[in-house]
Amino acid sequence: MKRFFAQCYIWLLLIILYAPIVFIAVFSFTESKVLGNWTGFSTRLYSNLFTGDMQGTGSLMLAIENTIFIALVAAVVSTVLGTVAAIGIHNMRGSTKQAITFMNNIPMLNPDIITGVSLFLLFVFLHISQGYLTVILAHITFCTPYVVLNVLPKLTQMNPNVYEAALDLGATPFQALRKVLIPLLKPGMISGFILAFTMSLDDFAVTFFTRGTIGLDTLSTYIYTDARKGGLTPELRPLITLLFVGILILLIVINIRQIRNSNTENK
Amino acid sequence: MNKRSSWALPYAIFLLLFVALPLVLIILYAFQDGSGNFTFGNFTKFFTDADAIGTFALSLEVAIENTLICILLGYPAAWILSNKKLNRSAVTIVLFIMPMWINALMRTLATAELFHMLGIQLGKGTLLVGMVYDYLPFMIYPIYNILNKMDKSYMEAAADLGATPWQVFWKVQVPLSMPGVVSGIMMVFMPTVSTFAISEFLTNNKIKLFGTIIQENINSSMWNYGAALSLIMLVIIGMTSLLQDNKKEVAGGTV
Amino acid sequence: MTNNDYIIEIRNISKSFGDKVILDDVSINVKRGEFVTILGPSGCGKTTMLRLLAGFGQADKGEILINGVDITGTPPHQRPVNTVFQRYALFPHLDVYENIAFGLKLQKVPADEIDKRVMKVLKMVSMTDYEDRDVESLSGGQQQRVAIARAIANQPKVLLLDEPLAALDLKMRKDMQIELKEMHRKLGITFIYVTHDQEEALTLSDTIIVMNEGKIQQIGTPTDIYNEPQNSFVADFIGESNILNGRMVKDRLVEFVGHEFECVDEGFGEDVQVDVVVRPEDIYIMNKLEGAQFTAKVKSCTFKGVHYEMYVETENGFELMVQDYNAFEPDSEVGLLIRPADIQVMHKERICNTIEAEIVDANHVKFFEETFECLPHSGFEEGEKVKVEITFSKVDLIDHPEEGMLSGLVHFLLYKGDHYHLTILTDEGYHLWVDTNDIWDKGDLVGINIAPQDIKIIKSDE
Chain A
1 MKRFFAQCYI WLLLIILYAP IVFIAVFSFT ESKVLGNWTG FSTRLYSNLF
51 TGDMQGTGSL MLAIENTIFI ALVAAVVSTV LGTVAAIGIH NMRGSTKQAI
101 TFMNNIPMLN PDIITGVSLF LLFVFLHISQ GYLTVILAHI TFCTPYVVLN
151 VLPKLTQMNP NVYEAALDLG ATPFQALRKV LIPLLKPGMI SGFILAFTMS
201 LDDFAVTFFT RGTIGLDTLS TYIYTDARKG GLTPELRPLI TLLFVGILIL
251 LIVINIRQIR NSNTENK
Chain B
1 MNKRSSWALP YAIFLLLFVA LPLVLIILYA FQDGSGNFTF GNFTKFFTDA
51 DAIGTFALSL EVAIENTLIC ILLGYPAAWI LSNKKLNRSA VTIVLFIMPM
101 WINALMRTLA TAELFHMLGI QLGKGTLLVG MVYDYLPFMI YPIYNILNKM
151 DKSYMEAAAD LGATPWQVFW KVQVPLSMPG VVSGIMMVFM PTVSTFAISE
201 FLTNNKIKLF GTIIQENINS SMWNYGAALS LIMLVIIGMT SLLQDNKKEV
251 AGGTV
Chain C
1 MTNNDYIIEI RNISKSFGDK VILDDVSINV KRGEFVTILG PSGCGKTTML
51 RLLAGFGQAD KGEILINGVD ITGTPPHQRP VNTVFQRYAL FPHLDVYENI
101 AFGLKLQKVP ADEIDKRVMK VLKMVSMTDY EDRDVESLSG GQQQRVAIAR
151 AIANQPKVLL LDEPLAALDL KMRKDMQIEL KEMHRKLGIT FIYVTHDQEE
201 ALTLSDTIIV MNEGKIQQIG TPTDIYNEPQ NSFVADFIGE SNILNGRMVK
251 DRLVEFVGHE FECVDEGFGE DVQVDVVVRP EDIYIMNKLE GAQFTAKVKS
301 CTFKGVHYEM YVETENGFEL MVQDYNAFEP DSEVGLLIRP ADIQVMHKER
351 ICNTIEAEIV DANHVKFFEE TFECLPHSGF EEGEKVKVEI TFSKVDLIDH
401 PEEGMLSGLV HFLLYKGDHY HLTILTDEGY HLWVDTNDIW DKGDLVGINI
451 APQDIKIIKS DE
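Protein chains in written order, with this note's numbering: chain A, 1 to 267; chain B, 1 to 255; chain C, 1 to 462.
Looking from chain A toward chain B, a few residues come up when the C-beta cut is under 8 angstroms (computed):
1. L14
2. I87
3. P107
What the hints contain is simulated information worked out from the structure, not anything from laboratory work. We treat Cβ as the ideally placed atom computed from N, Cα and C, and that holds for glycine.
Between the sequences and the hints, there should be enough to build the whole structure, so can you do that?
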């Protein structure tokens with residue numbers, strides 16, 4: 001009986017939480033310009049999305065490309081910078097270590113708007129004209145801490161003598177890094193990369209303040225301007241649906257892998 | 001061995017340039033007028049502007065209300081999810097976590113459109129409901145995490161010492177799960193108090209929150225005033241994160 | 001002395017981390033093919049010494065030679081030594097074969113030669129057929145074998161072993177000890193073995209180096225170390241022992257537990273305070289009282305498998321540990337006898353606390369960064385550098401650190417038959433030695449008080 005009520009509560013919350021997304025997904029299969037107005041089943045919006053044949057200017061496609069490009073560059077740079085930094089931090093002691101971990105935490109604790117405004121002021125102060133470069137730098141700023149946080153535990157879990165064992169067996173420091181350290185840090189680097197990538201994809205506020213006035217749009221800023229203009233581009237509905245399904249599949253795959261991994265470990 | 005600590009140097013320089021310096025700049029700009037002279041004017045302007053103060057108070061109010069609602073709805077959910085007797089499926093947890101991975105703007109937009117279609121007038125009510133939509137998963141996840149990892153022998157020990165299930169819950173589980181609640185508060189309160197786009201969508205621009213004022217000032221080149229407002233927000237955030245640090249120290253000190 | 005006799009020469013090595021001195025002017029010579037064990041409690045500097053040999057870290061002072069070549073500044077990958085790490089440090093992303101072949105591949109040894117050598121060392125550690133296994137699927141003992149195989153596959157001149165058996169259970173440890181000894185014989189190379197287990201050291205080694213607090217306490221063969229400990233630390237650390245305060249009456253005659261005993265030691269001088277060590281198995285215990293040197297009452301008797309372990313109390317209140325194959329009933333009167341050759345007499349490191357101090361005023365003196373009240377003195381000026389002497393038994397220890405003039409912790413303790421001799425480490429990092437009848441444990445926090453009349457001020461030598 002208790003279990004029944006508990007399950008009811010959980011599923012009620014889930015139904016309410018998912019209602020808007022389901023609603024968008026349902027109306028992605030009709031052509032109506034206004035949401036909530038069912039004008040018959042159609043996959044036109046989907047085909048429009050893929051052919052780029054839209055009532056708009058096709059700037060949505062450009063925004064998607066920008067988003068992916070920026071996220072890729074930011075995630076790659078963050079992963080390299082963050083991994084090297086994590087190795088350094090792991091070997092630090094005392095107050096310098098505390099200082100750098102504290103600084104590393106700031107971008108994660110700071111609300112996006114503060115990060116955005118402060119970086120905006122930085123670029124104004126340094127007279128750097130804002131565009132791709134500033135957006136990517138800003139994304140690296142808030143992505144790298146997540147990489148550091150994902151790699152550091154791998155370093156602490158690692159047997160501290162493993163790197164030394166490699167040196168002891170005749171590896172140069174560079175060989176020890178390439179053949180022992182990097183392979184062992186790889187899981188942390190990968191999860192750091194994925195986190196950095198999704199953080200960058202997701203970002204709105206920081207991009208908004210650092211993109212300048214050259215008309216650079218990512219998906220988030222595109223949606224924002226679009227929504228403020230009053231009319232939501234109908235093609236966003238299939239896009240949201242597709243992204244949602246994509247992430248759903250990704251998460252399920254990751255979880256199944258985790259469960260499998262923990263099962264084999266138990267054996 | 002010590003040589004490898006120097007590997008952090010590039011990142012340390014990066015942090016100084018892109019984290020420390022920008023924050024210093026906020027403070028610098030906040031205490032300057034348009035021509036670069038030192039002034040308290042930006043702050044007097046804010047504290048004498050009834051509209052701005054009203055917006056500030058409203059932002060705090062909405063953020064606190066949102067956080068409270070999220071705790072009230074989220075704690076029981078997290079508790080049920082972590083309880084093996086009540087919930088055996090891992091899928092439900094994934095379903096709760098998933099919205100965290102989806103662009104908040106898109107989710108908000110979807111929520112606003114749903115309100116629109118249902119014919120609900122956009123206003124403070126929809127703002128709160130929409131925010132709970134957006135941030136509930138961020139409250140459930142950390143609480144679930146800590147409850148799930150909690151050593152079951154604490155509960156068994158309490159029961160063994162004569163506590164009823166209700167007492168076990170209130171006297172053992174709730175106090176031990178406080179760190180999860182605190183990080184939940186951080187993850188919900190901070191973004192709500194600083195949001196701007198979300199509130200615009202959910203109220204059709206009828207209600208302005210503090211974040212929106214910052215954004216408007218920065219965008220209309222009122223950098224100094226915008227910086228002063230950002231600094232005020234930073235102080236609020238700083239005070240909230242102190243809450244978390246103290247909690248951590250308390251938890252560490254009892255070991 | 002020709003360099004050729006020694007494969008390793010460690011000359012005057014010192015190393016500190018911050019304020020803490022880990023190694024204090026350590027010099028060791030190791031002969032080619034020897035099995036040398038560095039033995040000491042945790043934190044004595046033994047692992048640091050091994051790491052300096054392997055090249056993980058630089059000494060502050062001194063030099064290390066291997067095969068007559070100064071390698072003090074050589075990076076680890078260019079040193080002709082290999083290490084077996086305490087927690088194995090196997091590469092978890094490589095299988096057994098790849099772990100062992102790691103060093104050989106780096107040396108660009110041809111593939112078929114690698115194959116041969118890997119199989120050879122696997123056979124040596126009795127792990128044939130395990131080459132394809134994932135290292136994390138192996139048991140602790142098996143991982144240990146792979147770690148040894150990996151280190152010897154590189155054919156080092158010296159094999160360094162850092163507490164390699166510490167993580168294994170007792171039975172496995174015993175088996176591995178025998179195998180290690182056998183391996184050492186077959187390989188013919190030098191082994192440097194670090195452990196805190198005295199039994200292991202006695203079983204395995206040709207030479208034992210006992211270390212404590214960064215200093216070498218004694219170097220010798222296992223029998224030397226056991227039978228003739230040079231100080232009370234070594235006596236206490238190696239095996240069971242009764243350590244007692246004694247007085248050298250004259251050559252070949254020493255007094256302790258209130259009796260005079262014949263001994264074999266000479267050259268201490270007359271009427272000199274010494275420490276006396278008697279191993280519990282060297283005290284003869286018998287029912288009849290005639291013919292005994294002294295008598296005692298049995299307080300407890302415990303069966304230990306091969307022998308019985310008994311605590312006896314002499315008529316003048318000294319407690320001794322005695323081991324014998326026969327049991328003696330508690331409360332029974334027994335006669336005891338110790339042969340001259342079984343009495344080991346050692347110089348006392350100190351007979352009271354001598355501390356550098358400074359006169360503050362007529363009845364105050366400052367030492368250990370604290371000002372103490374003392375009796376009015378004469379002949380000393382304000383600010384004069386002096387020394388104070390405090391008898392071990394006059395230092396008062398109390399439970400609450402905050403109530404003492406000084407606070408510190410019990411760093412080391414030694415039972416001396418009728419009292420405990422404690423080494424106290426003060427919060428400011430000074431050592432103070434205390435005799436007490438109260439029971440303290442190692443690591444206890446204590447407050448320290450010293451009464452004015454117990455502070456004796458003497459002129460500084462300089």
